[in-house]
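Going down the list, the protein sequences come from chains A and B. For what it's worth, UniProt numbering labels the leading residue of the first sequence as 1, then goes sequentially. For what it's worth, UniProt numbering labels the leading residue of the second sequence as 1, then goes sequentially.
What the hints contain is simulated information worked out from the structure, not anything from laboratory work. Cβ coordinates follow ideal geometry from the N, Cα and C atoms, glycine included. Some hints could be false.
Which chain A residues stay away from chain B? Per the calculated CB distances, all over 10 Å, these [what the hints assert, rightly or not]:
(1) Phe15
(2) Phe78
(3) Gly104
(4) Pro244
(5) Arg257
(6) Ser262
(7) Pro264
(8) Glu270
(9) Asp284
(10) Ala296
(11) Gly302
Keeping only pairs whose Cα atoms sit at most 25 Å apart, straight-line, the calculated DSS-like set for lysine-lysine is [what the hints assert, rightly or not]:
(12) B:Lys107 / B:Lys208
(13) A:Lys69 / A:Lys131
(14) B:Lys208 / A:Lys69
(15) A:Lys100 / A:Lys131
(16) B:Lys208 / A:Lys100
(17) B:Lys105 / B:Lys208
(18) B:Lys101 / B:Lys27
(19) A:Lys131 / B:Lys101
(20) A:Lys69 / A:Lys56
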Amino acid sequence: MEVRVANVRKEFERFPALHDVSLDIKSGELIALLGPSGSGKTTLLRLIAGLERPTKGTIFFGEEDASQKSIQERNVGFVFQHYALFRHMTVADNIGFGLKVRHGPTRPSAQEIRRRASELLDLVQLSGLEKRYPAQLSGGQRQRVALARAMAIEPAVLLLDEPFGALDAQVRRELRRWLRDIHDATGYTTVFVTHDQEEALELADRVVVMSQGSIEQVGTADEIYDTPNSPFVYGFIGESSSLPVKIEDGQVWIADRPIGLSAPQAPQGEATLFFRPHDVELVDECNGCIAGTVAASRRVAGTRRVELEIGGERQRVEVELPVDHPAAQKSRVAFRPRRWKLFPAV
Amino acid sequence: MADPEIKSYAPHHESQSAAVTESRPAKAVLMIVTFAFLGIFLLLPLIVVFNEAFAKGLSAYTEALTNPDTRSAIHLTLLVAAISVPLNVVFGISAAWAIAKFEFKGKAFLTTLIDLPFSVSPVISGLVYVLLFGAQGLLGAWLKAHGIVILFAVPGIVLATIFVTFPFVARELIPLMQEQGNGDEEAALSLGANGWQAFWYVTLPNVKWGLLYGVLLCNARAMGEFGAVSVVSGHIRGLTNTMPLHVEILYNEYNAAAAFAVASLLAGLALVTLVLKTLLEMRYGAELAATRGH
Chain A
1 MEVRVANVRK EFERFPALHD VSLDIKSGEL IALLGPSGSG KTTLLRLIAG LERPTKGTIF
61 FGEEDASQKS IQERNVGFVF QHYALFRHMT VADNIGFGLK VRHGPTRPSA QEIRRRASEL
121 LDLVQLSGLE KRYPAQLSGG QRQRVALARA MAIEPAVLLL DEPFGALDAQ VRRELRRWLR
181 DIHDATGYTT VFVTHDQEEA LELADRVVVM SQGSIEQVGT ADEIYDTPNS PFVYGFIGES
241 SSLPVKIEDG QVWIADRPIG LSAPQAPQGE ATLFFRPHDV ELVDECNGCI AGTVAASRRV
301 AGTRRVELEI GGERQRVEVE LPVDHPAAQK SRVAFRPRRW KLFPAV
Chain B
1 MADPEIKSYA PHHESQSAAV TESRPAKAVL MIVTFAFLGI FLLLPLIVVF NEAFAKGLSA
61 YTEALTNPDT RSAIHLTLLV AAISVPLNVV FGISAAWAIA KFEFKGKAFL TTLIDLPFSV
121 SPVISGLVYV LLFGAQGLLG AWLKAHGIVI LFAVPGIVLA TIFVTFPFVA RELIPLMQEQ
181 GNGDEEAALS LGANGWQAFW YVTLPNVKWG LLYGVLLCNA RAMGEFGAVS VVSGHIRGLT
241 NTMPLHVEIL YNEYNAAAAF AVASLLAGLA LVTLVLKTLL EMRYGAELAA TRGH
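Excised from the complex, chain B in its bound form:
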């Protein structure tokens, strides 16, 4: 708890000195550039998605979404997210805890390793799984002998998704926990709490907003991941197609309306995530500012 007095108040911006205030034209140019950029590259595609989705009317839209293959894709996407997000929460908390609260050899290496999925192309991540679990892969023969199917099946998709999404929670929590230090935990232990109680009553509440934010991002990526999943899925309709893969297939079949209908669901998810995040920041802005740096 480093100086909560100061941090519990939101920063004030109104009293900027004249020296750092730009001239009016400069301000206008900066704002126009920003808004134009956001409009062209973010807003416009979003409008197109919804526009195309409803191009053939509401009935076509619902029909596209109730198609058995589509429904299976939605189910699979939800299932993959439901498995990979909780696993990454557990992993993210453990990794952040280890890195922020302990000193050990190889800490810097571990921190770099956590970032690996961000720096590696998702396609490569998928290929790694093919090399590991594929028929010609390292473990392929052994898996086949024991009747375990990973590649071109749900386990492979889950594994690839976990790989791609595992930095989100950890990256969100590490700086937060490092900043907060061990003081609160030490206080809890000195008052007689055991390790689990200290975690549950003190550590977790201290990082809950950061954690929630990480979970939202992790979930959005888990549902939207394309590259890695595409490599390991095998694109079997009704079985191993997630929503992003299904969108691609529909589009390649010139079924644009259906493709955009499914895409609109994914876009909707992104919007919901954004709204949730904004609501969180509005509702708990002061608390967020008190427990985290930005």
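Only chain A is shown next, with the shape it has when bound in the complex:
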């Protein structure tokens, strides 16, 4: 099912949690809402679910306006951060709950409900645990049961709130791959919230980067990482370094010298230069480059991170060097970013 969020605003007691957010989710897509805490990602998810009503704006499920529909009418599968499994019910009863509470002819027989529950348990690879109680399961197993329970009602959309937030790193990675497989097998339109960029970039078809109640950028992992459209996204996704620069005559200047980067399109004046620490080219002869004094040097796994002080104002930036690179031993390092981006100074 396609989901369209159109100009949605949400306030909690006059405090705005979302400002004018619009988002198109294609049918069958796996979308990640990524942002720091307080960015409004969970609020957006709860608005799509119908757990909250928008202050302004509309949410469409397909062609239908769903904003005024209750959560029951929307038929969404919601997986809660702490799973919210019913602790007094067995795993099978938990999964069958959504079918058991149906009325009239849409309600399957008890036998059919049991059959569906075991089918879903097979799908989430927990066959044979029907009679267990949630307290007898590990965190990862609970997460799987919660997902099976949400899928039991054949939801229009599957919504997951920090699905792996409460699990340890090892289990997280495992479940991530597993969730992708489940998604590919079932084809449910899926939206999940996360603050873990690795999770979002690895798992999702498209990533929605949010900050302070607004959407900063929507795109594939490649688009988000390679062409961030704002200082926030550049800083939030992956490693980044930034320097205050000046634009004059289509050239980028630091203090009184050009650094060998031309920016004919950029407006004159103050700006901020962003680049990735690992995406730099070291130069020997500083003929238009960024040069700095080595302030600190750290070995990080396969590379060496060097912190440089640039210019009279001693701006600090980080660059990554190969471990065996001779420049790592020097007290001055000169480089030029290979890929970079300018944003107007704030």
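With chain A fixed as given, assemble chain B onto it according to the hints.
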């Protein structure tokens, strides 16, 4: 469901560090003080009650209990409990639900109000009803004109009992529901359950032990209440005397054996409540620990 992994296990006490372990004499003193206190103030009176009840033999005991006035008092007590306890269950669940699951103005005030019967002397509660419903009271004339009798009759006793017992269920459920939050209910609604189904299948089972505990306490107090009921009852033998009032009357008439016989029933009720509570905790200890804080 905040971290059930940890809570589903009973706490372990064996691994206490030496730093917080008292010396042997200190331990002994603390335990002797506790047991002596409990023995003198709780156990001894209980023994006296049963001892006095059977002082004149078993036949006197049964005779005292089969006396028509006594039987009427027992009936009335059961009737009052049978009315006030279910009403307080409904009230307690609604109040706990409202306070734990919604945000609204006046919530703190409501919470304080629920505790009011605990902080007001029961005699005062009874007097309030006299001032309201008595012949000279606010509603007295109107009630008389319509032929409604509340004071010195069963309705007055029921009202006073409800007033005195209404914190028990609510107080037991509010912290429990607050701790559990809305997560489970939201999950139930998202799966298509309506409000009633969410309550019946999810909320109620989550609080059932707390609720049962509250009901036990509420019932014990409903049957044992003296002060408030004494003020509104009028002490009419065979009509408006509950068991505690009847005990007093018998005692004042120097009929100690009969008084203690009836008292032994009330004490028995307390013991049954205690045993039930202990059994519940033994049988469902793990589950209780998982669904509540203590």
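Here is what the structure says about each hint:
1. Phe15: At roughly 14 Å from the nearest Cβ of chain B, phenylalanine 15 (chain A) sits farther out than 10 Å, so the non-interface label holds.
2. Phe78: violated (4 Å)
3. Gly104: Correct as stated: the minimum Cβ-Cβ distance to chain B is 13 Å, above 10 Å.
4. Pro244: holds (46 Å)
5. Arg257: holds (58 Å)
6. Ser262: holds (55 Å)
7. Pro264: At about 53 Å from chain B, proline 264 (chain A) clears the 10 Å cut-off, so the statement holds.
8. Glu270: Correct as stated: the minimum Cβ-Cβ distance to chain B is 46 Å, above 10 Å.
9. Asp284: Aspartate 284 (chain A) clear of chain B: closest Cβ-Cβ about 57 Å, beyond 10 Å.
10. Ala296: Holds, because the least Cβ-Cβ distance between alanine 296 (chain A) and chain B comes to about 40 Å, which exceeds 10 Å.
11. Gly302: Holds, because the least Cβ-Cβ distance between glycine 302 (chain A) and chain B comes to about 37 Å, which exceeds 10 Å.
12. B:Lys107 / B:Lys208: holds (24 Å)
13. A:Lys69 / A:Lys131: violated (35 Å)
14. B:Lys208 / A:Lys69: violated (32 Å)
15. A:Lys100 / A:Lys131: Measuring from Cα to Cα gives roughly 17 Å; hence the hint holds.
16. B:Lys208 / A:Lys100: Distance of about 21 Å is within 25 Å: holds.
17. B:Lys105 / B:Lys208: violated (28 Å)
18. B:Lys101 / B:Lys27: violated (44 Å)
19. A:Lys131 / B:Lys101: Violated, because 31 Å separates the two Cα atoms, which is more than 25 Å.
20. A:Lys69 / A:Lys56: Holds: lysine 69 (chain A) and lysine 56 (chain A) sit about 15 Å apart, inside 25 Å.
Comparing the model with each numbered hint stated earlier shows that hints 2, 13, 14, 17, 18 and 19 do not hold.
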